[in-house]
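Novice: Sequence:
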Amino acid sequence: MLHFPLVDWNVPESFPIIGGKHIEFFKYIFNVADSAITVGAALLLIFRKKAFPNGLDF
Numbered sequence: 014m015l016h017f018p019l020v021d022w023n024v025p026e027s028f029p030i031i032g033g034k035h036i037e038f039f040k041y042i043f044n045v046a047d048s049a050i051t052v053g054a055a056l057l058l059i060f061r062k063k064a065f066p067n068g069l070d071f
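Here the working numbering = 1-based position in the sequence shown + 13.
Hints in this document: simulated from the structure, not taken from any laboratory. All residues carry an ideal CB built from backbone N, CA and C; glycine is no exception. Take the hints with a grain of salt, since some may be wrong.
Quick list of the computed label-pair ranges, beta carbon to beta carbon [unchecked claim]:
(1) Arg61 to Gly32: 46 to 54 angstroms
(2) Pro66 to Ile31: 16 to 24 angstroms
(3) Phe60 to Phe28: 44 to 52 angstroms
(4) Asn67 to Leu19: 36 to 44 angstroms
(5) His16 to Leu57: 23 to 31 angstroms
(6) Pro29 to Lys62: 49 to 57 angstroms
(7) Trp22 to Phe43: 32 to 40 angstroms
(8) Arg61 to Phe38: 50 to 58 angstroms
(9) Asn67 to His35: 51 to 59 angstroms
(10) Val24 to Asn44: 51 to 59 angstroms
(11) Leu57 to Ile30: 41 to 49 angstroms
(12) Gly32 to Lys62: 52 to 60 angstroms
(13) Asp21 to Gly53: 23 to 31 angstroms
All chains, full assembly: derive it from the sequences and hints.
Specialist: Okay, here's the thing in structure tokens:
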């Protein structure tokens with residue numbers, strides 16, 4: 014599992030409504046399979062002319 018929080022902080026008590034809360038932005042968790050599918054799809058988009066030289070004829 015991969016965890017990439019971009020912002021991880023505690024809001025000061027002086028902020029109205031959300032004061033004193035813990036904020037973690039972009040707390041999604043990706044596993045290796047999700048990363049492999051994303052990288053594979055991106056590579057197919059980048060190299061689509063080499064991967065499918067005759068186009069996608071069905």
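Novice: If you test the structure against every hint from before, which numbers come out violated?
Specialist: Hint check: 2, 7, 8, 10 fail, others pass.
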